[in-house]
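Guided by the hints, dock chain H onto chain R, whose structure is given.
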Amino acid sequence: MNWLRELARRLRMLMHRRQFDADLEEEMRLHLELRQQEHLESGMTADSARVAARRRFGNVTALKEKSHIAWGWEWFEHLALDVRHSLRLLRKSPGFTLVAVLTLALGIGANAAIFSVVNGILLRPLPYHAPNRLTVVWEKNSDGTPDNVGYATYLDWKAQNHTFEQLALYASWQPVLQAGEPEQLNGLRVTSNYFRTLGIQPELGRDFLPEEDNPTALHVVILSHSLWARKFNSDPNIVGKSIAMNAASFIVAGVLPASYESLMNQDPRGGSVEIWRVLGYDVSQPWACRTCHHLIAIGRLRDGVDFAEAKVEMDTISAELMRAYPNEYSAAGVVLTPLVEQLLGHASTPLYILLGAVSFVLLVACANLANLLLARSTKREREVAVRRVLGASRKRIACQLLAENCALALLGAAVGLIPAYWTPRVLAALGTGDLPRLDAVRLDGRVLIFTASAALLTGIATGLAPVLRLSNIDLRESLKEGTRGSAGGAGRRLRGLLVVSEVALSLTLLVGAGLLLRSLSRLLTVSPGFDATHVLTLRTSVLGQRYSDNTILRQFFADAVERLRALPGVESAAAASQIPLGGNIDRYGFHAEGKVNANPELDESAERYCITPGFLAALRIRLLRGRDIVASDTADTPGVILINETAARRIWPGEDPLGKRVKLGGLDHPWLTVIGVVGDVHHIALDAAPDMQVYIPHAQWPFPDSDMAFVLRTVGPPTALASAARRVIHSLDATQPFSRVMPLDAYVVLSVQGRRFALVLIGVFATIALLLSVVGIYGVTAYGVAQRTREIGIRRALGAQPGAVLGLLLRQGLHLILAGTVLGVGASVALTRFLASMLFEVTPTDPLTFALVVVVLAGVAILACWIPARRAMRVDPMVALHYE
Amino acid sequence: MHQDEIPPGTLYLLILKTLARSGEMHGYEIANSIQRISDDVLQVEEGSLYPALQRMLIKGWVTAKWGTTAGNRRARYYQLTAAGREQLAVEMSQFERVIGAITRVIEAV
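Here the protein sequences come in this chain order: R and H. Quick note: the first sequence uses this note's numbering, first residue 1, plus one each step. Quick note: the second sequence uses this note's numbering, first residue 1001, plus one each step.
None of these hints come from the bench; they were simulated from the model. Wrong hints could be hidden among the right ones.
Stated by the list, open to error - As a list, the in silico BS3-like pairs of lysine-lysine whose alpha-carbon atoms are at most 30 Å apart: (1) H:K1065 x R:K66; (2) R:K158 x R:K140; (3) R:K66 x H:K1059; (4) H:K1017 x R:K64; (5) R:K66 x R:K395; (6) R:K395 x R:K64; (7) R:K595 x R:K660; (8) H:K1017 x R:K66; (9) H:K1017 x H:K1065; (10) H:K1059 x R:K64; (11) R:K64 x H:K1065; (12) R:K395 x R:K379; (13) R:K311 x R:K140; (14) H:K1017 x H:K1059.
Bound conformation, chain R alone (with noise of 0.2 Å):
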């Protein structure tokens, strides 16, 4: 503390610090007096008196100055000095700060923007109580991939583990809130103890009871802080009210403080969940099954618990229940991931990546705004050497230039922060795929921090060369009139390190755009399987009592489609429970007659699409053999399904898959015949080979669907039709609340999003570098033509040849240009690596690529050394001779 009190009381004499100057000065003349008029009374002259008080004393201005320096802040008044000295300066040269500051700028303000994006979604903790503490636990497949888990399976966990705290689950659940225009919400269907296990609390009312967590007590949910601003004016008395969701009635338990934010949402659209209610399952309900693999659980370690631990402890548990329901599960054992990397870690190989290469436009900005400041350094040795001869030193010297360099960074990091404000809009007009938190990226306190040491360093960095240069420089030389700067040959080697680096990084940026375009482009003509264009979405779901019929159910989509199909401009329309590249996957059993396991768990599972017909002619999915589903296969006639080519190869090579029966999603349900083979469709992603695929009738599945989304094939442009779409269905049942509707295009594009995201990012930047490069490339060939005005005009004037001449002076920099391109493929070669998991069939050292890159950058680079040097042999040899 004592330290402390001692900082105060310096900090007081810094502000103060004219006072005290004052009462020392003071003080001192009091004591010269007194002592002066003591000698005075002893005898002496006034003069000689003054004389001899001055000499008792010692040097008035020097202990001045040692009193001054007891407070320790002479550097503090250095560094003021140095910086109002450095803003002069920069004033006196506008030309070179508008380059310099324009220059950092772009490198400060590309990194401030990609930290605030990394910084926003990867570094700010999770929004949970002690998030490095939680993990999603997933149920093992046979291959070793994580599994959703069945409710029976969770209650024995539950039930016999040490190492959890706290073990909850979650579903996805979109109830379709009755408030005004009904509108589907984001929500989750969670255990009771869901928010305990994360470490929240309501804001408002309270947390879900244990004894509401079963089938028959009352509907509760919990409200998210948005949904309640929203569609309840952040009504304060919502508490115990009741809201009208899916034609029920659930009462308001509490809401979440505004500083929570679900990131457990599952829609490839992006949103937050925004709506809780208890699971409320009960083991004898058939869907709670163990083989009901549906829900994802949460496990909260116990303090001094770690994750091998537990894993070990689950893995026990999982063998025991392995052995006494063998026909239940696939694997013993479970798979942890930390919810950090469950929820962020797709994020944070492509945000590193586009941190690593902003990194580089900065680096090459630095090597830019070096070369200016090492010209510019030859121009002011008289100014630093009249400095030296004054009396400054080496250090204060050094100092002072370095102010002057952060001074410069510190100017161009403020104006760089002005557009790295609107990151996140850019961002978010740009499409970001799936990245998380995208709401939470702003210019925080640890941004400014990060940008703020960014420029000090780069300020640094960027003097280090042109400091070393001037403080060691000759004084007698440097202080003769007339000598031009002493461009050493250490200068003009510097120089040309710097245009060899700027090409390398370029090099290797470009290298990186490049490879993701062609991903891109390839995974573009990557055939899904369905014709996207023309074809309108949306979904709906059904609400009701009324509806828990089957054949009122199936009759409504029936029904609906069949008017909508009416619609004119409609050439085909149809109804199914998934789209492909919507984000819905649902996964069955698919046991083969005669190919079943003694454990059917370890058959093979097939993606479902429950559809009614005309679902293949609406999406252009092709018919291979066989019939399509028709109207007359109903609930009356015997099960059909259609399989896609995977299935068929897979489960009947070299059979005939037509005529042979399937049982699906378990060997309790009906046989299904199988009646046609249809082309694989890219379910889950175009880069995801598609996997095994049925289409079943709506009109035949037991459990028909209520959520699912018509599809209407159109002529012109497919969403000029939604509003008559909504009319014809509102005329079948004014309470259908629609949501995602969208043209089936849009669904494509939002698939590649992430990567276009990261291809236009890295684009960007390999621009500015290769921008950057060709101005520096320029500046160093123009300084170094000019130098050598002279000598072209004597060998002109000797009668050398133009193109002799002309070779002469480019050979220097296209020395520099192709040292800086085997760098950068060698740079490259290294670093593309790290890129691979964001390619698509195409190699991270893809020779293309390569070939292209260098011709591009090369191209680019030599015209930049030939326009200076082209320019110098049109000079009039007699004006180059009499040049300076």
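Structure of chain H alone, referenced to chain R:
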């Protein structure tokens, strides 16, 4: 009369002790006091009192406030703080240790 420079490092001790003995003093008085009590043997380069006093102010050993002298002049009076008193004890024991050691060395036969 011969006058000696004060031994290095003892200026703080002298100032602290002087202030401890007489309460409030301004710089001139401190200089005079040291000289008088040492029977004019110790003579400080008087000006060097002031940087020392500044450092002691920062350390919190003394406080200063402006007052008026007998001759009705404005002067800055220094006063010992509790921390200054502690420091005096520290400096004293250090000084005695050093002097003791030196004495032993020169008296050893």
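Status of each hint after checking the structure:
no.: 1; hint: H:K1065 x R:K66; verdict: holds (21 Å)
no.: 2; hint: R:K158 x R:K140; verdict: holds (17 Å)
no.: 3; hint: R:K66 x H:K1059; verdict: holds (16 Å)
no.: 4; hint: H:K1017 x R:K64; verdict: holds (24 Å)
no.: 5; hint: R:K66 x R:K395; verdict: holds (20 Å)
no.: 6; hint: R:K395 x R:K64; verdict: holds (23 Å)
no.: 7; hint: R:K595 x R:K660; verdict: holds (11 Å)
no.: 8; hint: H:K1017 x R:K66; verdict: holds (23 Å)
no.: 9; hint: H:K1017 x H:K1065; verdict: holds (19 Å)
no.: 10; hint: H:K1059 x R:K64; verdict: holds (18 Å)
no.: 11; hint: R:K64 x H:K1065; verdict: holds (19 Å)
no.: 12; hint: R:K395 x R:K379; verdict: holds (20 Å)
no.: 13; hint: R:K311 x R:K140; verdict: holds (12 Å)
no.: 14; hint: H:K1017 x H:K1059; verdict: holds (16 Å)
Of the hints listed earlier, there is not a single one the structure fails to meet.
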